[in-house]
Amino acid sequence: MKNQANPWLTSNLLVLGLGMLPAALLIAALLYFTAWAFAFSFTDLALVGTKAVDWSWVGFQNFERLFTRRGFLESLWTTVIFVFFSALVGQSVLGFLLAATLRGTASRLKSVIEVCIMLGWLLPDIVAAFLWSATTSQTGLINAIFVRPFGLPPINFINDYALPIVIIANIWKGTAWSYLLFSAALDSVSREVVEAAKVDGATPFQRIWLVQLPIIRPHIATNMLFITIWTFTYFPLIYAMTGGGPGRQTETLAVFLYNQSFARGNLGFGSAISVAMLVIVGLLSLVYLRMLREPK
Amino acid sequence: MADVSLRGVRKSYGSLEVVHGVDLDIKSGEFVVFVGPSGCGKSTLLRMIAGLEPISGGEISIEGRVVNDIPSPQRGISMVFQSYALYPHMSVYENMAFGLKLAKTPKAEVDQRVREAARILQIEDYLDRMPKALSGGQRQRVAIGRAIVRNPKVFLFDEPLSNLDASLRAQTRIEIAKLHDTLDATMIYVTHDQVEAMTLADRIVVLNAGRIEQVGSPLELYRNPINTFVAGFIASQRMNFLPVTVEGDRLVLPGGKSVASNHPQRGNARTLGIRPEHLVLATPETAQFSGTLSVIEQFGEYALAYVEMPNGDLMTVKLDGAPDLELHQAIHVGLPRDHIHLFDEAGRALR
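Residue numbers (this note's numbering), protein chains in the order written: chain A, 1 to 296; chain B, 297 to 647.
If you're looking for bench data, these hints aren't it; they were derived computationally from the structure.
There could be a bad hint or two in this list.
Claimed, not checked - DEER-style ranges, computed between Cβ atoms:
id: 1; chain 1: A; residue 1: Leu292; chain 2: B; residue 2: Arg425; range: 17 to 27 Å
id: 2; chain 1: A; residue 1: Arg217; chain 2: B; residue 2: Arg425; range: 12 to 22 Å
id: 3; chain 1: A; residue 1: Leu109; chain 2: B; residue 2: Pro367; range: 22 to 32 Å
id: 4; chain 1: A; residue 1: Leu109; chain 2: B; residue 2: Gly608; range: 50 to 60 Å
id: 5; chain 1: A; residue 1: Arg290; chain 2: B; residue 2: Asp421; range: 28 to 38 Å
id: 6; chain 1: A; residue 1: Val279; chain 2: B; residue 2: Pro367; range: 48 to 58 Å
id: 7; chain 1: B; residue 1: Glu405; chain 2: A; residue 2: Pro164; range: 46 to 56 Å
Glycine is no exception: its CB is placed at the ideal position from the N, C-alpha and C atoms.
The task is simple: from the sequences and hints, build the whole structure.
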C-alpha cells in the first residue's frame with residue numbers, strides 16, 4: 001500500500017512522535033498488564049494479608065492447581081455450555097433467522113422488532129440482570145402469569161434453572177449484535193445473485209442455505225469470533241443475576257476468576273486463571289481465523 | 297421455443313403506475329429487443345416475464361399458458377443478468393450445474409449438458425475456476441452458459457453487455473447473434489443501447505415512460521419512425537429536428553429558406569426531421585440553411601460536424617471520409633427532400 005500520509009507529518013519527527021504518543025502509551029499499558037498477570041501467575045500474591053506484601057515465586061504451582069483442585073475445570077465446562085448455547089446457538093442462529101426473515105420487509109413490525117432487540121442490547125447489564133432476576137424469581141412475572149393462575153405451586157426459576165435462565169438472558173441481551181451484523185452481510189449479497197438462484201429453481205430455504213449462507217461465510221466466522229470472545233469473558237450479567245450460584249452452577253470462568261482473585265484474595269491463582277483464559281480464547285480465535293480464509 | 301404474449305400488462309408500485317398496459321406478441325424463435333431510456337419500464341417488463349416481479353394487471357402467457365401465477369422455474373425461461381450474477385462460491389461447472397442439480401437431473405445428464413454448453417461458449421478450459429478468477433467477458437459467457445444448460449424455451453437478457461468494455465461488447469454482441477442462430481430459441485433482450493437493438497433484433501420494441509412507442513424491424517424503425525421520440529432514439533446519431541411553417545407546397549425553415557414538399561398532409565407539419573447522414577454540404581445558393589462549424593469530430597471513415605445555426609441550435613451533419621473543414625467556418629447544408637420526415641404538433645409522424 002502506498003504511504004498517503006501528509007508529507008508535513010512524515011517529515012517532522014517531533015510531530016510524528018507526538019502523534020504516535022497516545023497509541024504508544026496504550027500499547028505499553030496493554031503489554032504491562034498482560035505481563036503483570038503473566039508474571040504474577042507464578043507467585044502466591046494475595047489481595048490482603050502478609051502475602052500481599054511478602055509474596056514469593058511458586059513456579060507452576062498455580063497452573064497445577066487449575067487441574068488438581070476443584071473449580072477451574074468445572075467452571076470451564078460451565079463456560080463452554082454458556083458460550084455454546086447463548087452465543088453460538090442462541091445469538092448467532094436467532095440473529096441470522098431474524099435478519100433473514102426481516103430482510104426486505106419494510107413493515108412496521110420490522111421496526112418494532114428491531115427496537116425490541118436493540119433495547120436489550122442498550123440496557124445496562126446491571127439493569128438487565130435485575131429485570132431478569134425479578135421476572136424469573138418465585139414472586140416474579142412469569143410465575144404470576146403462567147404458573148399461579150393454573151393453581152400450580154410457584155417455581156423459583158432463577159434458583160432451579162439458573163444456567164438456562166442466565167443463557168436465555170444473555171441471548172436476549174446479545175442477539176442485537178448478530179442481527180445487525182447478519183443484516184449488513186445479507187445486504188451485501190447481490191440481489192441479482194439471489195434472483196438467479198430463484199430462476200434456477202431454488203426454494204426460499206435453498207436460496208438461503210445454498211447461496212446466501214456460503215456467500216456470507218466470512219461474516220459468520222467474524223461474528224463467531226467476536227461473540228465467542230465476548231461471551232467467554234462476559235462477567236457483569238451473570239454475576240449480578242446469580243453471583244455464580246446457586247452452588248457453582250453458573251460460575252463461568254469470568255466469575256470464577258473474580259471470586260478467586262477478589263472474594264478469596266488469591267491474586268496469584270487468579271492471574272493463572274486469566275492466563276489460561278487468554279490461551280483458550282487465543283486458540284479459539286485461531287480456529288475462526290482459519291474459517292475466515294477464502295476457500296481454494 | 298415458445299410464443300410469448302403480453303395482454304394489457306401493467307405494473308404499479310403503490311399508486312405509482314410504471315408500466316401502463318403493454319400488448320405484445322413475440323413469435324417463437326424471434327429475437328426481440330426492448331429498448332428505451334432509463335426508467336422506461338423495459339427491465340420491469342422483462343422481470344415480469346421472468347417471474348421476478350409480480351404482475352399488477354393484465355396477462356402474460358408463454359406457449360399459450362398464462363404464467364401470471366406460475367413461479368419462475370416453471371415458466372421455462374432462463375435469465376442472464378447485467379451483473380452476471382454468478383454464484384461467487386461455486387466453480388464455473390457448479391454455477392452451470394446448479395439449476396439442473398436442484399431439478400434432480402441425473403448426474404450423467406448434468407455433466408453432458410454442462411460440457412455441451414461449455415463447448416458452445418468455448419469455456420471448457422475454465423470449468424474448474426472460480427468466478428472471481430475470470431475476466432468480465434468470461435463471466436458473461438458463464439452466465440449465458442448457465443442459461444443454456446437449462447434448455448429454456450425463452451431466454452431473457454437484462455442489459456447483459458453494459459458491464460463490458462467497448463471492444464468486448466461488440467464481440468459478445470456478435471456471439472449472442474450467432475448463439476440465437478445456433479439455438480434457434482426465443483430471446484428477449486433489454487438494453488438502453490440502440491446499437492445493440494439495431495444489430496441484434498428481429499424486432500425492436502421502443503418503450504418510453506411505461507408505454508410501447510413503436511414495434512418493428514430495425515429498418516422499419518429507422519425508415520419510418522412513428523413519432524419524434526422513436527426518430528430521436530433509433531440510429532447512432534440523433535435525428536435533427538427543425539421547426540417549420542407551411543406556405544403552400546413549401547416548408548419554410550428557421551433561416552427563411554424553404555424546401556418543397558408534396559406530402560399530402562404537409563399542412564399539419566410543425567417539425568421537420570432529418571438524419572445527420574442524409575444532410576449534404578452545398579453551395580450558399582443551393583443550401584437550405586447555413587451556420588458556422590462549432591465542433592467537428594473526426595472518426596476517419598466519417599466525421600460529425602456540429603453546425604451552429606443563427607438561432608443558436610446545433611445541427612449534426614455526418615460527412616463521409618475526413619472532410620477538410622476549419623472550426624468556425626461557414627457551413628452550407630442542403631436538405632434532400634427524399635429523406636425528410638414530417639411531424640405534427642403532437643410529434644406524430646405524418647404518413
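We went through each hint and held it up to the structure:
1. A:Leu292 x B:Arg425: 17 to 27 Å: holds (22 Å)
2. A:Arg217 x B:Arg425: 12 to 22 Å: Hint holds: Cβ distance 19 Å, inside 12 to 22 Å.
3. A:Leu109 x B:Pro367: 22 to 32 Å: For Pro367 of chain B against Leu109 of chain A, whose Cβ atoms are near 25 Å apart, the range 22 to 32 Å holds.
4. A:Leu109 x B:Gly608: 50 to 60 Å: holds (58 Å)
5. A:Arg290 x B:Asp421: 28 to 38 Å: holds (31 Å)
6. A:Val279 x B:Pro367: 48 to 58 Å: Holds - the Cβ-Cβ distance for Val279 of chain A and Pro367 of chain B, about 53 Å, lies within 48 to 58 Å.
7. B:Glu405 x A:Pro164: 46 to 56 Å: Check passed, 51 Å falls within 46 to 56 Å.
In the structure shown, no violation is registered for any of the earlier numbered hints.
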